[in-house]
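So the protein lines, in turn, are chains A and B. Read in order, the letters of the first sequence correspond to residues 100 to 689 in my numbering. Read in order, the letters of the second sequence correspond to residues 1310 to 1558 in my numbering.
Derived by calculation from the structure, the hints in this document are not laboratory data. Beta carbons: idealized from backbone N, C-alpha and C, even for Gly. Please note: incorrect hints may appear among the correct ones.
Simulated crosslink set (BS3-like; lysine-lysine; CA at most 25 Å straight-line) [unchecked claim]:
id : chain 1 : residue 1 : chain 2 : residue 2
1  : A       : 320       : A       : 337
2  : A       : 165       : B       : 1359
3  : A       : 307       : A       : 320
4  : A       : 153       : A       : 258
5  : A       : 165       : B       : 1492
6  : A       : 324       : A       : 337
7  : A       : 517       : A       : 578
8  : B       : 1492      : A       : 157
9  : A       : 258       : A       : 337
10 : B       : 1488      : B       : 1457
11 : A       : 164       : B       : 1459
12 : B       : 1334      : B       : 1459
13 : A       : 320       : A       : 105
14 : A       : 579       : A       : 661
15 : A       : 579       : A       : 532
16 : A       : 112       : A       : 388
17 : A       : 388       : A       : 157
18 : B       : 1459      : A       : 388
19 : B       : 1492      : A       : 688
20 : A       : 688       : A       : 112
21 : B       : 1359      : A       : 164
22 : A       : 688       : B       : 1325
23 : B       : 1359      : B       : 1556
24 : B       : 1457      : B       : 1359
From the derived model, a few chain A residues whose C-beta atoms are all more than 12 Å from chain B [said to hold, decoys possible]:
id : residue
25 : 127
26 : 165
27 : 174
28 : 431
29 : 670
30 : 688
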Amino acid sequence: MENALKSGEFLLKQVTPESVFIPEEFDEEQRMIAQTCQDFIEAEVYPNLEQLEKGDRKLMEEILKKSGELGLMGIAIPEEFGGFGQSFVTQMLAAETTGAGFSFSVAYMAHCGIGTMPIMYFGNEDQRSRYIPRLATGELIGAYCLTEPGAGSDANSGKSSATLDEDGRNYILNGQKMWITNAGFADIQIVFAKIDNDRVLSAFIVEKDYPGVVIGPDEHKMGIKGSSTAQIYYNDVKVPVENLLGKRGEGFRIALSILHMGRIKLGANVIGAAKKAINDSVQYATERKQFNTAIASFGAIKSKLAMQVVKSVATESAIYRVSRDIDNLAGRYVAENCEKGRASIDAISYYAVEAALLKVYGSEMLDFVVDEAVQIHGGMGYSAEMAVEKAYRDSRINRIFEGTNEINRLLLVDTAMKRAMKGDFDLFGEAEKVFADPAGAPAAATSGESYGEEMLRYTGNFKKCALMAIHAASSTFGKKLVHEQEILTEISDIMTSAYLAESLVLRTLKREMTQGEDAVFRAITNIFIFNTASEIRRSALGAIFSTLSPDEAEPVADAIEKLTSVRGVNLKEEGRLIADKLIEDGSYKF
Amino acid sequence: MNILVCISNVPDTTTKIRFAEGDTKLDATGVQWVINPWDELSLTRALELKDDSSAGITSVTVIHVGEASSEPTIRKALAIGADSAIRVDSPANDSYVVAAQIAAAASGGGFDIIMCGIESSDFNGSVVGGMVAEMMNIQSVTGVSDLKVKDGSVIMTREIEGGREVVATTAPVLAVVQKGIAKEPRIASMRGIMTARTKPINVVEAVDSEQFSSLEGFTLPPPRPECRFIDADNVSELVSLLQNEAKVI
Ligand SMILES: Cc1cc2nc3c(=O)[nH]c(=O)nc-3n(C[C@H](O)[C@H](O)[C@H](O)COP(=O)(O)OP(=O)(O)OC[C@H]3O[C@@H](n4cnc5c(N)ncnc54)[C@H](O)[C@@H]3O)c2cc1C
């Protein structure tokens, strides 16, 4: 545990394969829980997709309640509140599996996550005992109401307001919330508003039946049509003072902490959705014949299938790696006498950098996967009869909610830098060192280097690209760097790629320790490293040339070329190896 | 009354079957093992009966003949809701061995209703149920698509050629069940999964049993012939193909 990485510290430190958790290590109980989620989706969601898509909210509510009866809403809730107190890794595995459930997944995750957890993590004993046991079973459905017509990314700028009434028993809440998931049927709303003239938000637990709560009609959306999204108006709503969540002015902190959790869980959700789209793709590609040949045997299709797999496996590797880090940290907080709920959310919030980068990478990974899934289906992919058409539309929201990807990219660099400035780790010192001696930065191959050493050398070099760019940008712009969003975005992409690449390499190496060398996993790793190297090179050069004068940039650019130089990969053969396994197995079994 | 449900551990039906060791063994790499679908349905029915207080069922036990590697499947049955489990520690070499082990382990166990799936989705032998009843010297009813318990009698619906037959009898009885016995298999709930940890799996030693068959090897069925589409207007081609190629008319 002492060696555990601090959030963002991955840029500076190398951990061993033994120390990371990989999906191959799920235990029997975790697999059983995943199977239950899968069985539930197959039995209750898939047969009803068409009806849900038509906007049957009653049906969505019923399915949500059924998932509650099965205990699926209590996975993250401690036993003393009627839940099952599962580890974060298990919660993420459940999030992944239910992620294949199209709009059900959004409704379910909004309830279990942003709709329930504010009370679980920040509520007092009275609030928890009044609401949590019923939220854990689905007797009550929850929603999270932060966004307003004028306050989206700038969430703290909302106009909703609350004032204490004369007898001091109720807050009088006024305002308008927008884009609220589950609005149509949620019983409990977590509403953020400012008390009097506060600068910052406070959070309130509002029940749908309080007089003055008015739910607008459902929005007509591009995707996730089965989930309810609507505006909610609060007209002089009396909210009992007992329902102020946390302290006055603590709302923004609550909102952000909950978003960290929402983000990282979204990173798990998209894996399930991606696997479903891959399964649909390979099934169609095997059945569909053109030129008297199953299209799965065409190289152009195989390379698509292979890339769908490569990106999904990489995301999976990173997601479960950080999930175990979160479990470990929460465990340490508990050992230091922190209350369990707080320990969980503090540990999740602590890994804000990884949460944001996985939200960004995961949502873009899924967009890639579903886009190729449609393409593999040809004209049929454009037909509303096919699951991939829905998957394509449903995927798009992931880049927008839980903080847009632009906001998350900026946030993750900003958070890492702030952590460093606080003294969590010596980011700037290391960055300066690497920058000062660009020619010495790239680690060279050692003689007799093993596969693992070679791969970790590459990922180490990738991280140095991030350090170079961070130093160039922060020394050039100082405090004004926040305004250089183009550069921050490039840095963010380098950090993200480096984290994903390293997580994948560590997983492959750990697998090899117990299962021996596996050509398919090596192919996945080789392709990911090969592609990532050129993406990182582009981002790093982009950042450097946007920051330094051409003369200053030259030696750094040379170093970046070397830092991103990796072994050549036979993309055709290695891609075919991956695709052939997928085709042979008939579904994603990596 | 106590119900015993026989559980077989089979590869998930979507498994791509591969063989190993010169085609004498199933290649188990990457295979997901599940409860045989018919057994899962009979377990579901047994649990429905236990939930219905008027049926007077006190316990549902599952029994499995197999090695320790199949315990995840047994625990799944416990998670779905069985009260306890018996594993007879013996490889499930053939139907006769399995039946002999079940009969030995179940005898004297106080089971009133024994439920067996009509077949297991791996070998599809359809003989274990009948053999167990013979060996235990109790009555058996085959083709059971519904099973009720009322006032101490066991009422079973049998699917027969062109209709249905209702049989009522008293315990002990072995029912060989088929599709329809339950609508959908019950999904393990979170509570079920958590409590499965503490439910007993009683491992019993195998009894000596004869084995009348031996396995020579496996071969895959020939690939399915291609599906051909014939234009709806082209009836004469269809007739000619059915006559000359398929030779069915
Ligand atoms: C289907 C759906 C469900 C939702 N569910 C919920 C819910 O349950 N609860 C809830 O509270 N909200 C919910 N939302 C709201 C969602 O979180 C917001 O839409 C999102 O945060 C973006 O806000 P916005 O729509 O106002 O976009 P804007 O903030 O107006 O953004 C527009 C564009 O500008 C960019 N941008 C904005 N600010 C900056 C900046 N400082 N720097 C760089 N780029 C910037 C954004 O990235 C984006 O590309 C949901 C939205 C949708 C569509």
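Okay, the hints, checked on the actual structure:
1. A:320 / A:337: Violated, at roughly 32 Å.
2. A:165 / B:1359: holds, 21 Å
3. A:307 / A:320: Given that 25 Å is the threshold and the Cα spacing comes to 23 Å, the pair holds.
4. A:153 / A:258: At roughly 33 Å apart (the allowed maximum being 25 Å), residue 258 of chain A and residue 153 of chain A break the hint.
5. A:165 / B:1492: Given pair residue 165 of chain A, residue 1492 of chain B holds - Cα atoms ~17 Å apart, limit 25 Å.
6. A:324 / A:337: violated, 32 Å
7. A:517 / A:578: Measuring from Cα to Cα gives roughly 12 Å; hence the hint holds.
8. B:1492 / A:157: Holds, because 23 Å separates the two Cα atoms, which is no more than 25 Å.
9. A:258 / A:337: holds, 17 Å
10. B:1488 / B:1457: holds, 15 Å
11. A:164 / B:1459: This hinted pair is violated, its Cα atoms lying about 33 Å apart.
12. B:1334 / B:1459: Violated, because 46 Å separates the two Cα atoms, which is more than 25 Å.
13. A:320 / A:105: Since the Cα atoms of residue 320 of chain A and residue 105 of chain A sit roughly 39 Å apart, the hinted pair is violated (cutoff 25 Å).
14. A:579 / A:661: Given pair residue 579 of chain A, residue 661 of chain A is violated - Cα atoms ~30 Å apart, limit 25 Å.
15. A:579 / A:532: This hinted pair holds, its Cα atoms lying about 22 Å apart.
16. A:112 / A:388: violated, 50 Å
17. A:388 / A:157: Not OK: residue 388 of chain A and residue 157 of chain A at ~41 Å, beyond 25 Å, violated.
18. B:1459 / A:388: Roughly 56 Å separates the two Cα atoms, so the pair is violated.
19. B:1492 / A:688: Not satisfied, since the Cα-Cα distance of roughly 29 Å exceeds 25 Å.
20. A:688 / A:112: Distance ~31 Å between residue 688 of chain A and residue 112 of chain A Cα, so the pair is violated.
21. B:1359 / A:164: This hinted pair holds, its Cα atoms lying about 24 Å apart.
22. A:688 / B:1325: holds, 11 Å
23. B:1359 / B:1556: violated, 53 Å
24. B:1457 / B:1359: holds, 11 Å
25. 127: Since the minimum Cβ distance to chain B is about 5 Å, residue 127 of chain A lies within 12 Å and the statement is violated.
26. 165: violated, 10 Å
27. 174: Non-interface label fails for residue 174 of chain A: nearest chain B Cβ at 7 Å, not farther than 12 Å.
28. 431: It holds; residue 431 of chain A is separated from chain B by about 25 Å at its closest Cβ, greater than 12 Å.
29. 670: holds, 25 Å
30. 688: Contrary to the label, residue 688 of chain A does not stay out of reach of chain B, its closest Cβ about 6 Å off (not over 12 Å).
The structure fails hints 1, 4, 6, 11, 12, 13, 14, 16, 17, 18, 19, 20, 23, 25, 26, 27, 30 (numbered hints given earlier, in ascending order).
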